[in-house]
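Q: Single-letter residue listing:
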Amino acid sequence: MHKYSSLLLGILLTGMTATGWCADQTPEPVERMVPAKGADIFAHVRPSVVALRTSLADSDHWSSAGSGFQVDERGWAITNFHVVVEYLFNSDKYALHYRLADGQDGLADVIAVDVIDDLALVAPRKSLAREHIHPLALPDLGRLPKLAQGDPVFAIGNPLNLGVTITSGSYSGIVSGSFERQIHYTGVLNPGMSGGPAVDAQGHLMGINVAHQVNAESVSFLVPIEHAVRLYQGARQQTRPLADFRTVITRQLDAEQARQSRLAFATPWETESFGHYRVPDILGDYSDCGSASNQSADAPPPVERKIITCSFKTSTQPVEGEISSFIAYKYTLVQGRRASSLNPFQLSAAADSVFRENMTSPQSTTAAKQQCRDSYTYAGPKQDLPVRLLWCVQAYRDFPGIYDFQIAVAARKKNDAVLVSRLTLAGFNWQNALGFTQRLLEGIE
Amino acid sequence: MNIWIELISERHGVQARTRFESFPVRVGRGYACHVLVDAASAAAEHFEIDIGEDGTPVARALGDNSFGIEGRPGEHKEFRLDANAMIRLGHCLIRVRTGHDLLEASDQVTEVLTRVQRTRRFAWAAAPALVAMLLDAMDKWLNSTDGDFLVDVLTTGFWQIIILVAWVAVTAMIAYSLHHDSRLRRQLYAVGFGMLGVALAHNVLPFVLAGLNAGTGELFSQFFVPFVLSVSVLVSFYTMLRKRPPTHSHALVGILLAAAIGGVSCYQDYRGDAAQATPQIAKLVPSFVQMVPSQGRGDVLKSLAGMEKSLAASRTAEIPDEIRE
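Protein sequences, first through last, are from chains B and P.
At position 157 of the first sequence (counting the first as 1) the number is 222 in my numbering, and the numbers step up by one without a gap.
At position 97 of the second sequence (counting the first as 1) the number is 162 in my numbering, and the numbers step up by one without a gap.
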């Protein structure tokens with residue numbers, strides 16, 4: 066009995082020790098219940114926050130900066146795609162640096178990207194010691210935090226390279242009608258906080274800082290955490306940095322524009338009256354429209370311009386300098402301020418500046434030479450309205466099958482008003498652009 | 066009856082005056098003639114002057130020849146010579162006098178003649194530029210949308226007057242140096258009409274081509290303006306330095322130099338702009354100017370689909386050095 070007791074105790078002790086050893090070797094992110102105080106939230110999250118900077122390979126001076134946060138035992142971190150885009154496209158000229166909360170720094174690589182949701186997964190180039198790793202737990206997809214309108218939210222990041230700070234605001238739900246399904250956060254996000262974590266009152270991850278609305282106060286946006294979860298789960302088995310990112314981005318953009326097109330084509334476009342014309346409402350509930358006129362009370366100009374301009378309800382800025390994915394459209398009615406104040410040539414000249422505005426763009430290292438096709442055809446369901454259709458297309462050198470389309474349609478029903486319709490499709494494939502064009506022509510009457 | 070036959074130079078007036086009492090008086094290039102004229106277009110015996118039945122001198126062409134009468138169009142076979150009639154044979158002017166107060170009258174006529182010649186020459190030179198200015202003003206009126214049409218016209222008119230003065234100066238200097246050779250003068254007029262054609266094309270062609278969906282570049286204005294200014298500057302400097310007008314060969318060298326300067330300037334601009342060039346878009350025009358028929362929507366969409374191949378190819382085209390820099 067004594068012999069077996071000893072054996073049992075030995076086994077028990079061994080088991081306990083083994084368990085402790087395994088815990089040391091494979092640390093799991095631990096969910097902790099944290100009280101809703103900013104200081105406590107900050108203390109809880111700060112060890113996980115990573116400062117990311119891009120600089121020229123042979124220089125210490127950084128050209129862009131952002132934030133991120135560790136998510137696993139290897140020290141891999143989630144950040145925004147736009148934080149790492151300059152390094153990604155110019156890795157021969159730039160270097161991506163990280164700095165941890167405890168001052169540990171080094172070079173990082175990009176493992177995976179989600180260009181639509183503006184996310185990226187980065188990893189330190191050299192393995193980190195245990196004491197430098199403080200991951201925040203990514204929630205399971207089936208157990209995402211559920212917040213109600215007005216619940217407190219805290220965003221942490223490294224604004225303007227001033228050091229890690231925390232801002233507080235409230236959860237205002239998913240932006241209504243937004244294609245990208247971003248969270249409206251009423252706190253402040255400053256440049257440099259992009260990619261940092263946003264947590265709820267219990268310190269649970271619920272989003273990633275992504276953008277703020279220019280010319281507005283306390284209107285900021287977060288990427289919902291589930292997008293980061295999907296990104297990480299899809300890339301956690303990667304063993305080397307992302308090399309073929311162009312193919313990945315092309316695939317993502319293609320899928321996104323296909324999704325946008327499906328939503329836009331799902332129902333017939335309603336038309337609304339605009340002067341003598343009717344124009345289609347391309348994006349319906351997903352659009353954010355404004356109207357304007359150039360006729361002020363004092364000294365109105367002889368040419369009147371009424372404008373309706375619409376775009377997606379989204380705050381996502383196009384990825385700077387590389388590629389963007391969005392739909393925007395504008396209708397402009399050009400006419401003389403008084404009936405017969407312009408002869409036909411003068412009216413055409415006035416409409417011409419609107420027709421050709423921002424249609425063309427020069428080639429660059431990322432965009433190929435633009436080509437335009439000019440034709441005369443008919444608009445309207447009965448094809449009874451003569452119009453001039455101008456298509457200007459520019460291909461991306463690095464992304465096959467993805468183009469930027471500028472489409473202009475000029476219609477003149479009577480000699481006193483010209484309707485100029487402009488449609489911009491950025492990051493679209495040819496087939497869907499043709500579909501939009503056909504629908505646009507069908508809808509104008 | 067006596068007549069006096071005068072040989073007149075456009076620049077210096079009466080060069081020679083000879084009295085004749087017997088008729089007919091033969092005029093031509095050959096030594097058998099009574100009056101010798103040194104004109105390349107004159108025949109050996111070109112025409113003769115006789116006295117008509119009413120006592121008025123009459124000029125008659127000999128053989129298949131003909132002659133011109135100053136101030137009258139066309140060529141003549143026979144002409145009654147009144148008091149101030151002048152026969153033109155190439156660059157030579159021949160006048161027949163029958164009255165007395167010769168010296169005083171001929172000085173006045175020569176001065177008037179010179180003024181008439183110069184005015185006509187300058188009028189020809191100014192005609193292309195004047196037409197271009199009128200067309201440009203019309204173009205501005207048709208495109209005016211802000212009510213400042215007159216201001217625009219006066220502003221650009223200032224520069225157009227500069228060009229007009231330069232063009233007149235160039236043409237006058239070249240014509241002045243070529244006044245001894247009527248063949249080259251005709252060539253000068255041909256150049257003037259050619260430049261008029263360029264001015265017309267610059268102002269009218271974009272208007273017409275807009276209906277043909279063709280874009281128009283800045284070729285005419287880029288070449289026309291530096292060409293005219295360069296020629297006028299070069300010729301003016303030469304005249305100032307040498308204190309005499311340029312000869313034919315100098316004028317031609319000046320024109321070639323100006324063309325080279327204009328061409329180099331255009332080429333440099335073209336090289337610099339080519340990499341950044343964006344597609345040209347024709348202007349919107351009234352529907353009644355549209356010169357291309359409308360196509361069915363299906364056909365247009367099909368043709369747009371056909372563009373994809375060339376756009377895909379543009380993706381892999383080499384990046385110009387100017388872009389890389």
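Hints were generated in silico from the structure; no laboratory data involved.
Each hint should be verified, as a subset may be incorrect.
Listed below are the simulated BS3-like cross-link pairs for lysine-lysine, each with C-alpha atoms no more than 25 Å apart in a straight line [claimed, not checked]:
(1) B/447 to B/395
(2) B/158 to B/191
(3) P/348 to B/371
(4) P/205 to B/395
(5) B/478 to B/371
(6) P/374 to B/478
(7) B/434 to P/374
(8) B/371 to B/434
(9) B/434 to P/367
(10) B/434 to P/205
(11) P/348 to P/205
(12) P/367 to B/447
(13) B/371 to B/395
(14) B/191 to B/211
(15) B/211 to B/102
This one's a predicted model, so the numbers in the text were calculated from it and none came from an experiment.
Q: Could you run down the list of hints and mark each one as holding or not?
A: Each hint tested on the structure:
Restraint check for residue 447 of chain B and residue 395 of chain B: satisfied, since their Cα atoms lie roughly 23 Å apart, inside the 25 Å limit. The hinted pair formed by residue 158 of chain B and residue 191 of chain B meets the criterion: a straight-line CA distance of about 20 Å does not exceed 25 Å. At roughly 21 Å between alpha-carbon atoms, residue 348 of chain P and residue 371 of chain B fall within 25 Å of each other, so this suggested pair holds. About 29 Å separates the Cα atoms of residue 205 of chain P and residue 395 of chain B, which puts this hinted pair outside 25 Å; it is violated.
Between residue 478 of chain B and residue 371 of chain B the alpha-carbon distance is near 16 Å, which keeps this suggested pair within the 25 Å criterion. A hinted pair counts as satisfied when its Cα atoms are at most 25 Å apart, and residue 374 of chain P with residue 478 of chain B does not qualify at roughly 35 Å. Among the hinted pairs, residue 434 of chain B with residue 374 of chain P is consistent with the structure: their alpha-carbon atoms are about 14 Å apart, no more than 25 Å. Restraint check: the Cα-Cα separation between residue 371 of chain B and residue 434 of chain B comes to about 32 Å, which exceeds 25 Å; the hinted pair is violated.
Taking the CA atoms of residue 434 of chain B and residue 367 of chain P, the gap is about 22 Å. The hint holds against a cut of 25 Å. At roughly 32 Å between alpha-carbon atoms, residue 434 of chain B and residue 205 of chain P are farther apart than 25 Å, so this suggested pair is violated. Straight-line distance between C-alpha atoms of residue 348 of chain P and residue 205 of chain P comes to about 14 Å, which keeps the hinted pair within the 25 Å bound. Restraint check: the Cα-Cα separation between residue 367 of chain P and residue 447 of chain B comes to about 19 Å, which is no more than 25 Å; the hinted pair holds.
Proposed proximity of residue 371 of chain B and residue 395 of chain B is supported: the alpha carbons are some 10 Å apart, at most 25 Å. Between residue 191 of chain B and residue 211 of chain B the alpha-carbon distance is near 36 Å, which puts this suggested pair outside the 25 Å criterion. Between residue 211 of chain B and residue 102 of chain B, the direct Cα distance comes to roughly 19 Å. Compliance with the 25 Å bound is thereby established for this hinted pair.
The structure is inconsistent with the numbered hints 4, 6, 8, 10, 14, although it conforms to all the rest.
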